[in-house]
Amino acid sequence: MKRNTLVLGITLFVLASLGWAGWANWEYRQQAAARRMAMAKMDQPQLMVASMSGAMSGMDMPSPLINKPAPSFSLQDLSGKEVSLSSYKGKALLINFWATWCGPCKLETPWLVELRNQYAPKGFEILGISAEGDDLAKNDTAGWAKDKAAIARFVQQEHMPYPVLINGDSISQAYGGLDAMPTSFFVDRKGVIVATQTGISSEADMAAKIQKALND
Amino acid sequence: MQTVFSMRKPYAIAAILCLAAVQGIAQIPLLDNPARSIDKAEPVQYLYPEQLTLQSGQSTPVTLHFRIAQGLHINSHTPKDQFLIPTSLTIPAGSGVKLDAADYPAGVDYALPAAPKTKLNVYTGDFAIQARLTAAPGDHLVQAKLHYQACDETQCMPPRTANVAMDVIAK
Chain A
69 MKRNTLVLGI TLFVLASLGW AGWANWEYRQ QAAARRMAMA KMDQPQLMVA
119 SMSGAMSGMD MPSPLINKPA PSFSLQDLSG KEVSLSSYKG KALLINFWAT
169 WCGPCKLETP WLVELRNQYA PKGFEILGIS AEGDDLAKND TAGWAKDKAA
219 IARFVQQEHM PYPVLINGDS ISQAYGGLDA MPTSFFVDRK GVIVATQTGI
269 SSEADMAAKI QKALND
Chain D
5 MQTVFSMRKP YAIAAILCLA AVQGIAQIPL LDNPARSIDK AEPVQYLYPE
55 QLTLQSGQST PVTLHFRIAQ GLHINSHTPK DQFLIPTSLT IPAGSGVKLD
105 AADYPAGVDY ALPAAPKTKL NVYTGDFAIQ ARLTAAPGDH LVQAKLHYQA
155 CDETQCMPPR TANVAMDVIA K
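Those protein sequence lines, which keep their order, are chains A and D. Note that this note's numbering has the first sequence beginning at 69, numbered continuously upward. Note that this note's numbering has the second sequence beginning at 5, numbered continuously upward.
Excised from the complex, chain A in its bound form (with noise of 0.2 Å):
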């Protein structure tokens, strides 16, 4: 009888407690929900991008390989045909990292096509290295004729004269990481970087930095 009355204290305590516990669980989800709504609701939080490795804080900051020689690399063009950055030796040299899906690099396009061509007798040239890609395996074909055929239709409508590359993501942790879309590599006649510049800012500050390439 007291064994009896003790089992069923304990089923009881344990019954209570499973009802407690599946009550608990409820409310706690129920107050989740409800905090983030309210956190949703409220004016705009100070959610702000804390850090893209920099990328994203500003254009003038100082890259690391300002006077520097700029990172020898080799890659291949629309054609298949392989360029290295070596071969442009004794030239001063813009190198343009860009993306089809990157709007402000379409909106600089017009300008480095007309300073190339106002430059390129001085000894100028620019490579257009395309970054598209850096989700893609080495092995997925398909994806990579994909990104290409893009690559190509863009440089077709923007009328781009200058060598364009692909598979510029192989060589971003050579240049800072690249985080950021378009970032451009002014290179002297020595091959020695004098000034880089990421994100759109102006024509004539391009220009301005080409000359200072060129050193005119």
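Derived by calculation from the structure, the hints in this document are not laboratory data. The structure displayed is predicted, hence computed values, not measured ones. Just so it is clear, CB atoms sit at the ideal spot from N, CA and C, and this is done for glycine as well. Just so you know, not all the hints are guaranteed correct.
[What the hints assert, rightly or not] Incomplete in silico selection of chain A near chain D, CB under 10 Å:
id : residue
1  : 167
2  : 168
3  : 173
4  : 174
5  : 221
6  : 222
7  : 237
8  : 249
9  : 250
10 : 251
11 : 270
[Claimed, not checked] Partial pick of chain A residues on the chain D-facing surface, computed with a CB cut under 10 Å:
id : residue
12 : 169
13 : 191
14 : 193
15 : 199
Keeping the supplied structure of chain A fixed, place chain D upon it in accordance with the hints.
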């Protein structure tokens, strides 16, 4: 033997119930799940709902709320340029929950300071997607995906995919 078993049976039942209670209590989240805490490095965050109760097998409307970090914009679902990446929601196959349809908000026209005449169609601040979901019976931890591409006034980040985590209970 029979007697011993019958004597111990109530204890066995009590022990099983105790284990069940411990398991039940262990389900109570004492602390906010750190996986759901705000990650300030993410340009777009899923806000709510984090739990949904649906009628299984029935297409049910659900409003999913998102927030874009201050100073950034993302392309709308219908950007004006063929090269721009539209914002889109998907649910991976095999989640137990199917995305029947997604109704995206209209974007707002926006121009970068460098080109005031060129209008983009973007989302900024908070936005919501009206989705219709159909769930199989049961409890599903769904990891839906929001694919987007964010920019500020002068530059763009590579395309990203945000996790849209939902606990979908289908009865």
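Violations among the numbered hints = Hints 13, 14 not satisfied by this model.
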